[in-house]
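Peer 1: If you read the sequences in order, they're chains X and W.
Heads up: the first sequence runs through residues 1 to 193, numbered per my numbering.
Heads up: the second sequence runs through residues 1 to 193, numbered per my numbering.
Everything labelled a hint here was simulated from the structure, so no lab data went into it.
For clarity, every value in this text was computed on a predicted model and none was experimentally measured.
Any given hint could be a false lead.
What the hints assert, rightly or not - In silico lysine-lysine, BS3-like type, Cα no more than 30 Å apart, as pairs:
no.	chain 1	residue 1	chain 2	residue 2
1	W	K174	W	K86
2	W	K86	X	K49
3	X	K49	W	K49
4	W	K174	X	K49
5	W	K49	X	K141
6	W	K39	X	K86
7	W	K49	X	K174
8	W	K49	X	K86
9	X	K174	W	K141
10	X	K49	X	K141
11	X	K109	X	K39
12	X	K86	W	K174
13	X	K141	W	K109
14	W	K141	W	K109
15	W	K184	X	K174
16	X	K109	W	K49
2 protein chains.
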Amino acid sequence: MLRGDITAAIRNAVMNELAEVGYGRLSIEAVARRAGVGKTAVYRRWSNKLEMVLEIVSGVAERSVPMPDTGSFATDLQLTMFIVSKALQHRIASQIIPDLMAEAARNPKIAETLHRALRTHQTAVGETIVGQAVARGELPKGTDPGIAVDLMIGPLYWHLAVTRTPIDEDYLEKMANAVTAALKAAPAGPPAP
Amino acid sequence: MLRGDITAAIRNAVMNELAEVGYGRLSIEAVARRAGVGKTAVYRRWSNKLEMVLEIVSGVAERSVPMPDTGSFATDLQLTMFIVSKALQHRIASQIIPDLMAEAARNPKIAETLHRALRTHQTAVGETIVGQAVARGELPKGTDPGIAVDLMIGPLYWHLAVTRTPIDEDYLEKMANAVTAALKAAPAGPPAP
DNA sequence: TGACGTCGAAACGCAACCGTTGCGTCGTCG
DNA sequence: CGACGACGCAACGGTTGCGTTTCGACGTCA
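When you get a sec, could you build the whole thing from the sequences and use the hints?
Peer 2: Structure representation (C-alpha cells):
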C-alpha cells in the first residue's frame, strides 16, 4: 500500500516548502498542493505537521558524513571544513538549517531531533579528528574537544549562515591554518608577547 | 498625539511575542492582546507586521555597543567576547536573533536591516580591535579583519545560539587565548610541525 | 470478475487572523 | 466649555489553514 512515488513527492515538497517559507508558516495544504497530491495522502502518512517535518528532516540528516582520517590533522581539518562549507552553501540546506535552529529554541522536540543529528554527524566528526590528532602528537594532550569543535565549525557557520557571504578556497585554507594554530596553543595560559 | 506609554507597551509586546512564537507566526492580534491594547492603536503606528517589527527591532539594536580600547589585544578581545556572550545569553535576544537571522535568509528587507545593525555594532567592533592591535604590532600586518571577526564571533554564536549550552569564565578565557594564537599565526602558510 | 485500498478532488465545520470601520469614552488643548 | 483626537471594544467580510469526511476513479491481487 502507500505508493512510494507519492511519498517521495511529498518528502521533496516538504523540503522545498520548508526552505521557502520556513517551519512556522509551513502548511500541509501547501505541501500537498506543491506535491500535486491530495491532503488525504499526507494525512495517511503523518498525523502532524511537526511529526511529518521531524521524520523527513531527520531522514535526510541521517545520510552520513564521511569521517576523514588522512593521517594529518591539517588535512583532516581542511577536508572537514570543506565538507561543512559545501553543506552550508547548499541552496536548500542553507535555508532550512538556520530556520530549524531558531525553531528548536522554542520547540523541545525539534531541539532534541536536531541536536541528535548534529551531535552524531558533525560534532562527533570534530571530536574524532581532534582525538586522532592528539594521539598522533599533533595537538597537545589536554586539548578541549568542545572548544575545538566550536573553533572549527563556528566561524564557518557564522560566515555562511549568518552573514551569508560566499567563501573561496583561499578563505578555507587561511581559516584552517588559523584554527590549527589556535588549537596547538590552546591549553597554555595567556600567550607570551 | 499617540500616547507614549501605549507605544512602549506595544514595543515590549512585540519583543516578547517575537521571542515566543517567532516572526513567522507573529500576529498583530496577539501583539495587541498582549499589550492590552486595541488593534487600532497598533495600526495607527505601523501599517505592516514587517514594518512594525523592523522599526522596533532596529530601534533596540541601535543601542550602541561599547568599543573596547584597553591597550592590549588580549583584553580587548576577552572583553568583547564577554559582551557578546552576555548578549547571546539574554533570554529574549537569544530567541529573537536566530529567528530573525533565519527569516533574513528569505526576506531581503529583514536581511538589509539586520545586516546593517550587525555590521555597525558588532563587525565594526571586531575590525577596530584588530586594526588597533595591528597598529600596536600585536598582530601581524596582513591580518585579515574578516577572518578575525569570524574567529572572534563565530565560535560564540555557534556555541550559544546553536548548541545552546551555557558557557563559563573559563571557556571564555580559553577561547580568547585560542583566537589570539590563531590570529598571530594567521598570514603564514601551513604551520611548521 | 470482484473486493480492497490508495488515489485526487471537493467540501465540511471550526478557528485564527487580516485590515477596516463605527461607536462611545476620556483627556487635553484652546 | 467645546472641539479634537487617541483610546478600547466589537464587529465586519474575506482569507487561510486545520483535520475529517465523502465520493468516484484506478490498480492490484486473488
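Peer 1: The structure should be examined with respect to each hint, and the outcome stated for every one.
Peer 2: Each hint, compared with the structure:
1. Between W/K174 and W/K86 the CA atoms are separated by roughly 17 Å; this keeps the pair inside 30 Å, and the hint holds.
2. About 34 Å separates the Cα atoms of W/K86 and X/K49, which puts this hinted pair outside 30 Å; it is violated.
3. In summary, the hint linking X/K49 to W/K49 is supported, as the alpha carbons are separated by about 25 Å, within the 30 Å threshold.
4. Between the alpha carbons of W/K174 and X/K49 the distance comes to roughly 42 Å, so the proposed pair goes past 30 Å and is violated.
5. Between W/K49 and X/K141 the alpha-carbon distance is near 53 Å, which puts this suggested pair outside the 30 Å criterion.
6. Distance restraint check for W/K39 and X/K86: the Cα-Cα separation of roughly 46 Å exceeds the 30 Å cut-off, and the hinted pair is therefore not satisfied.
7. For a cut-off of 30 Å, the pair hint linking W/K49 to X/K174 is broken: about 42 Å separates their Cα positions.
8. Our distance criterion of 30 Å between C-alpha atoms is broken by W/K49 and X/K86, whose separation comes to about 34 Å.
9. Between X/K174 and W/K141 the CA atoms are separated by roughly 15 Å; this keeps the pair inside 30 Å, and the hint holds.
10. Note on X/K49 and X/K141: the hinted pairing is violated, with a Cα-Cα distance of about 47 Å set against a maximum of 30 Å.
11. Restraint check for X/K109 and X/K39: satisfied, since their Cα atoms lie roughly 24 Å apart, inside the 30 Å limit.
12. Proximity of X/K86 to W/K174 is assessed by CA-CA distance (about 29 Å); at most 30 Å being required, the pair is judged to hold.
13. The hinted pair formed by X/K141 and W/K109 fails the criterion: a straight-line CA distance of about 48 Å is larger than 30 Å.
14. For a cut-off of 30 Å, the pair hint linking W/K141 to W/K109 is broken: about 37 Å separates their Cα positions.
15. A hinted pair counts as satisfied when its Cα atoms are at most 30 Å apart, and W/K184 with X/K174 qualifies at roughly 12 Å.
16. At most 30 Å may separate the alpha-carbon atoms for a hinted pair to count; X/K109 and W/K49 meet this at roughly 28 Å.
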